[in-house]
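Read off the chains here:
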Amino acid sequence: MSLALIAALPFLGALLPGLMIRAGKNACAAVTGSVTALALLLLGLNAPAVLRGEVVQTRIEWIPSLGLNANFFLDGLGLLFAGLILGIGLLIILYARFYLSKSDPMGQFYTYLMLFQGAMVGIVLSDNILLLLIFWELTSLSSFLLIGYWKHLPEGRQGARMALTVTGAGGLAMIAGMMILGNIVGSYDLSVILQNKELIQASDWYLPALILILLGCFTKSAQFPFHFWLPHAMAAPTPVSAYLHSATMVKAGLFLMARMWPVLAGTPEWFYIVATAGLVTMVMAAKIALFKDDLKALLAFSTVSHLGLITMLLGFGTVEAATVAVFHIINHATFKAALFMSAGIVDHEAHTRDLKRLGGLRTLMPITFTIATVAALSMAGIPPLNGFLSKELMLEEAYHTAWGPNPWVMGLLATIGALFSVAYSFRFIAHTFLGPVRDDYPHKPHDPGFGMWAAPAFLAVLVIVIGLMPMTASAWLVNAAASAVTGEVVTAKITHWHGLYAPALWMSVAAVGGGLMLLGGHKRLMALWNATPRPEAKAIFDAIVEPFAALSRRVTDAMHDGAMTRYVAIATLAIVAAAYYGFRTGTHAAGTRELMPVSIVPAMGWLAMVVATVAIMVFHRNRLFTLVLVGILGLMIAGTFAYFSAPDLALTQISVEVAAVMLMLLALNFLPKQTPVESSAPRRAWDLAVAGIAGIGVAALSYALMTRNFAYDSIAAYHIANAKPGGGGTNIVNVILVDFRGYDTFGEIIVLGIAALVIYALTEALLRGGPANDRLLAWKPDQKRAGDRHPMMLVVATRLILPVALMVGVFIFLRGHNLPGGGFIAGLVVSIALIMQYMASGFAWTQRRQRFDYHAIIAAGVLIAAATGIGSWLAGVPFMTTNFAYITLWPLETFEVATAAIFDLGVFLTVLGAVMLTLASLSRIAIRTGETVNTQPFDIDPSEGRTLDDLDAKGAR
Amino acid sequence: MLQRLFPHPLLSLLLFVTWMLLVNTFKIGSLVMAGILATVIPLLTAAYWTNRPKVRNIPAFAAYVLLVLWDIIIANIQVAKIILFYRSDQIKSAWIPVPIDLKTPEAITLLAGTITMTPGTVTADMSSCGRVLLIHSLHAPDPDAIRDDIKSRYEARLKRIFE
Amino acid sequence: MILDLALNFAFVCFGLGLLLNLYRLFTAPGVPDRILALDTMVINVIAIVMLFGIKLGTGMFFEIALLFAMTGFISTVAFCKFLLRGDIIE
Amino acid sequence: MLLIAEYLIAALLVIGGIFAVIGSFGLLKLRDTMQRLHAPTKATTVGVGSALIASMAYFWLFQGVISWHELLITLFLLLTAPITANFLAKAQMHLAIAEKDLPPSGVGTQWATYDEELRTVAPTLEDQPKS
Amino acid sequence: MELLLASALGLLTTAGLYLILRKRTFPVIVGLTLISYAVNVFIFISGRLVSGLPPIYNPAAAGYADPLPQALVLTAIVISFGMTAVIVMMALGAFIESGDDKVDMNDKDEAGTTK
Amino acid sequence: MMSHWIIAPVILPAVMGALLVLLMRGDLLLQRIFSTAATVGLLGIAIALVWGATQTPAEVYFLGNWPAPFGIVLVLDRLSALMVLLTALLAIAVQLYAIGSNWDARGRHFHALFQFQLMGICGAFLTGDAFNLFVFFEVLLIASYGLMIHGGGKDRLRAGVQYVAYNLIGSTLFLFALATIYGITGTLNIADLAVKVQTLPEGEMALFRVAAVMLILVFAVKGALVPLQFWLPGTYANAPGPVAALFAVMTKIGAYAVIRFGALVLPPETAATGTLIADLLMPAAIVTLLVGAVGVLGASTFGRLAAFAAIASMGTAFIAIAAFTPQATAAALYYIIHSTLAGAALFLIADLVASRRAHDRLTEALPPIAGTGLIAGLFMATGIAVAGMPPLSGFIGKLLVMEALRDQAALIWSVILGASLLIILGFARAGSTLFWKAHASGSREPATHRPEGLAFVATFGLLAGLVVLTVFSGPVMTWLEEAARLAHDGADYIAANRLPEGN
Ligand code: NA
Ligand code: NA
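Residue numbers (my numbering), protein chains in the order written: chain A, 1485 to 2441; chain B, 85 to 247; chain C, 63 to 152; chain D, 18 to 148; chain E, 1014 to 1128; chain F, 8 to 510.
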């Protein structure tokens, strides 16, 4: 449990700064620091056991099926890293308290910092590689926030993005690598994986896994060729740089290489990839560091170089080298963090980090000078400081390691790297602190308060102490960690003097001498360096990412540009192609069903339909004519239904078709009456081809279907058999609609009701003030209008037809259960009858004579239908269970009473209300265009004395 | 009371008959239903038909209906003859304004409808004052005769029925 | 027998009428002609439907014919109103 | 008896068919739109009417069902044909016939279809109804 | 007869899709209507073609047309009617709002304005 | 003992929708109260149903008391119960947001349409009948049309027309598929279909495969599977924020239906269809993920970014679904839960941003907005979730999917991880423009904006959902694995329908 708590504490701590910041910066820092201190304490409590060689474990089941569990373990390596992370973290918290300016949001800073700290601790304590991955990616995210902390700096934003991209990408690669590893072993638990070296290295997937994992490690640790992001991350506040980019995050890659060392190392692949990358990184970054004028950039590249060094050591794959690597990790953390903090102090005090503008600070900032010098000398590998110790050991290992057939290149390059290291370390001291005091510092520098230099001073002391007494101060830790890395019991022997014949001695001497010479000739070399064209990392990154982003935008926008016509064409072709593929890959037998002979009337109807269909394609630009043709099609299809024994369908088809044409006519009033020619002839031909392919598909499919019998008995047999006895109706279609599949109908009327609501809401939106409303107010009819809006003959005829049609509606409704008809058709018939009334005297006139609440009709319809269904609950039977009875009531004949009829009433009302609400909406739009409302049913009424003659007589005209 | 229950007695009667025609069977239940609907539907639609006309002379109305039915048959034969046997240039179409004395909309509509259904004439329009119908005649060698025929054969009868 | 003959004759006649209407629909000089042709088509279809009822000896087609008549009338008026006024329910 | 009835029905069917063809044929043959208006409004009503009566007679005589409701369709067609013709004529006048080509009404007023100010006759309300 | 129906359905689908591929809302809506006609008939014929046997229960009936597809078509017709009404109104609304009745929109130009 | 509760998720919103129209259409406050109450009720019912589905394998509700396959049935199993619960959870957040942001006041009938939308969605999840699925697709679609154009406006209506037209084509395809299926098998009941397909005569197989392909493509339209995804960006980017958020579950209906039919009726073991569906689905899913990821990187507006993120999430879900193994289906379900909540949160945040700025273009920075810090935090958290970064459920979902598809690791893993990178990049760039660059754009004074407490509560609620999903991944996965096992096994589902012998 305690291990999980150690990992969790920083995350819990991340919540506190935001809350505590109101209590002041000191309180905020104190709380944050004490959380870290607590974690450190807990770690310390576990240390004795670990140092004894035990492995402390905490296992919490999380997602067993995935193998992702919150398992933690603590061994020497974990202890070393966790200690570094928490210890240096504590120092950074202290340092940052004084470093951040008043305007910087400190709560946010500490929150991010603690998130990061938690992620790092999580990485080093994870006993589950999936869990490790979670923490791994979290470091990328939290460092993204930390690097971009100063949002107003473009470098910050870009640096953050670059860091996130590179380390994020590496992290993704590592996910794959880790999952491969887990799949080879059959477990994602590290402690299991670490036991399976042979299995892993024998696997075909070893190399991919290795490469993918190393991608993650190299990107995070800024190893060649992924080193470029790190300097740009220096836009972060210095405490961040010190923490992330020296002590911790960049070491996550190293940690992981060390962690996986027992199972991944020792193969030629490992050696050539890891050692080479490390070596190249070490030399190249050291060289770059020498030419950086920005203090933090110099330190950043030096960090890269030292990481390369450690990587190289791990790459050697020997126990000895690994031990040295561990030792150097400790040393580097101490001197580099101290250096970063020192650089931060310089920046903070002198308001510049530019070496060209610095120099002579030795006397102005003696304390800082002392700390920085100790650390820098250690970095240069000057005895007796700790950096010297590990560097000597490193050179020794390099000397003894052959790169392929070549025995000396490794040693040579390592020496050259050390040489550069000496040069830039001395340059750091010389160009910052030595030389004459200048009078042009941006700000008068002096040593900061104790709070700010305490942390680096502490680290400098560590540098000295380890340097002087390595065995006492660090060997126990090195041993524990190195044993954990290598899986063997390591007993390190760290001494300052290896004898005169130790090659490392001379390599060291050469490095120091050469380094000083380089520094001496720095001015000329710098000129040469500046004259050499170099690829700029950010430029390269931008050159890759920006065009890619731009390309993405172009491709995406070009594909999804709102060209509906293309979308449909693609969809059509895709559907036909996929369906055809499905057909071709299956077995097909031609149908055996007897064909129906062709008779004359259907043939004529077919001809009419074909002609009308072709005509629609040809004449579609004439919109009114198109509607007339649609009317013909509707008629022919209704006829088809009638001919093939579907009277209900014929009734529905014809009434729906009329209602739809009416609706389109109403809309067409406002729309252009012609469709312009907009597609070229080839485009039209292409469209026709696309449509034709689909048409052929439909024809083929329907022919195939019609010419075969059902493969199984259709469930319709049951409907036929049970409609009368079970459903109480002889119109089987209607019984299906209101009973067997009444639930479908319930959904269907709701569709209709919603349609009306949508139309109403849309109308409201259009009529609300805005461009639509303005356009309506300014609307002019595009065709000349005839006089006599409401001719008398129609009005008078409607006075008869409307009542009769209503009666027909009732008739169709009532007989629906037994004969063709039903609520839906009845609703449409009544609607159509009312439309006739509207056509006769106008919608508004009719509505004024008798107002119906169409919303209420729709809602009532839905509720009645629902209530019929719910009513069956009372009887303990499922929703929509119908009941019917035959009632004899003297003197009437026996008649049937069915709950289905009530349901059908709901259908009827919904249909009616929906159609009416739609018409009402359209009418309101028309009225907004300036249409007036008549007060009389028709325009010319000779009986009322309101004729023109009378008006003439009264002189009104 | 009865007036309010049956605002349009004739309409109610018509609807009653219509229902019986619709159900196509003679049952007591149908009669009851017809009665209900013949009562309810006129009530529902009364708002759209306020100034109902009075048919004063029902036998005359019946006679008029029969006359028109007969004329329709004759008209059809005549039109058929024209369509089948006349050359295009032999057909002398004409527009004929027919001044009318009828005042009630129902009567005017009935007259206009009759004109359309009977020999070779179609009611096309009405003057803005409602006093003149515009008739199109398919074949009218003598337009005045047609106008007089309309006035005497139909309008006079309608005047007796409605006014 | 004679009835079948007459029935088939009538079918052919009304069907022929239908096709003539269709022809008129496309050759019509103006929209009113087209609407007229459509209206006539509906009437012919009504007749065909009724004849079909006779042929099958069923009254099942009555409502269809009635509804065709109603909808045919209303669409014709609607099309004309559209031509005359634009808004058919103003 | 049945034979006579059969002949009667057959005759009705034949007459109906002939009238239907004539009506539709008239639609093609006649010269202008106003003339064409005459053909179907009359001929087809008789055509359909015959068919409907034939149907009535058939069911009455052969199935023993007195089927009245065909009458309803016939009446409906008779009632609506004039309205249809009226609207078609008005549409044709509005679109294709100049007012000057028509005889004057003789009472000083325009034909309604051309009278654009007609709607001033029937008072109108300008306000918008609230729903 | 099957061939007649199949060819008519194919043609109806072709015409419908062709109109849907036009660039104005009106033909697109007509096209949608046509393909909905086509699919309604298609559902209907999935019960196979039967003439003169309406699905009205009758002890003397020789058989019945498959009633189930008919019920499905009824539902489909009603639904597509509602859908048609909505898209007609939306097309009208789009026309009134923007002054043209184009179907395609240039997402690049029009995107990004506050809702 | 048949539980009427199974149908409650359909009836409650339907009745409430009607009541809102009938009694409260003039009073927004009443609408808000009752509509929210109904949604809370729905959540309660959904929880009860999940509980019930956990206790018993599958339960069938025989509508109209007609036996299957002759009547329509509702089937409650873990899968359907889960989807209903997900819908209810999302609905509450969206509704609170709509109220808090006043979106519901910008047009008529928002709450009624919202309830009907819920009805349609729940109905689609619960039904055990193929044609009834179509009906409820239409219910949810037509309600979505109304919600999508809620408030009106030029772009929204134009996009709405496209949305409707495209979906009408989809609906037509659905009917073609259903009619073909019925024409071959003579049944519409899904369980019955599953049984009959097993013994389909060889000669019928080709036609049935055509039907199966068409059916799956219908679901692919809903699920925005390439090349049928084109409708989504315009629709989602132009829909009101809360509506787009609600739509997060609409794409999942497509996924759900593919799982339901793919696992039960068309599993790879079936002779008739074999691996046909998987063969078509997998490449399309991979391309979908890539199109979505590239779209996230290339999106020109925040709204479109969110839309392409939705497409990408569907790509991932469909990759898992296309494997048609219980393990992959469980992973897909987990990912579906995650991406529904995360996608919805993203749309809500997009709306929070859009409502505070002149535009939501990602190509130019605007001055800081009110509440930048909070909104940026929400954005970051949601971005992490959507991109599948730790520690939120997206990462776990991604791992689950990858783990389930380890047989095709080389391809699938590269695609999933590569897409993640693109999405991370896209989010980093977008966030930087929206929130960071704002600080460099001169004015340090954030624009003022009316506080929308409820809107933030809703957004936080969705994120909290992600956190809960993450923390309880273990038990959730155990539950989902059983759900997936049952869905693939199908025996319980079929048995619950009590089909007659030898029918
Ligand atoms: Na029942
Ligand atoms: Na229905």
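Mixed in with the good hints there might be a few duds.
[What the hints assert, rightly or not] In the BS3-like style, the derived pairs of lysine-lysine whose C-alpha atoms are separated by at most 25 Å in a straight line are:
#1 Lys1928/A x Lys1840/A
#2 Lys161/F x Lys2157/A
#3 Lys117/D x Lys165/B
#4 Lys1115/E x Lys444/F
#5 Lys1586/A x Lys1776/A
#6 Lys161/F x Lys1586/A
#7 Lys2268/A x Lys2157/A
[What the hints assert, rightly or not] Incomplete in silico selection of chain C near chain D, CB under 7 Å:
#8 Ala72
#9 Gly79
#10 Met122
These are calculated hints, taken from the structure and not from any lab test.
Computed from a predicted model, the values in this text were never measured in an experiment.
Positions of the beta carbon are idealized from the N, C-alpha and C atoms, including for glycine.
Quick rundown of the hints versus the structure:
no. : hint                  : verdict
1   : Lys1928/A x Lys1840/A : holds, 16 Å
2   : Lys161/F x Lys2157/A  : holds, 21 Å
3   : Lys117/D x Lys165/B   : violated, 31 Å
4   : Lys1115/E x Lys444/F  : violated, 37 Å
5   : Lys1586/A x Lys1776/A : violated, 30 Å
6   : Lys161/F x Lys1586/A  : violated, 48 Å
7   : Lys2268/A x Lys2157/A : holds, 13 Å
8   : Ala72                 : holds, 4 Å
9   : Gly79                 : holds, 4 Å
10  : Met122                : violated, 12 Å
Checked against the numbered hints given earlier, the structure breaks hints 3, 4, 5, 6 and 10 and satisfies all the rest.
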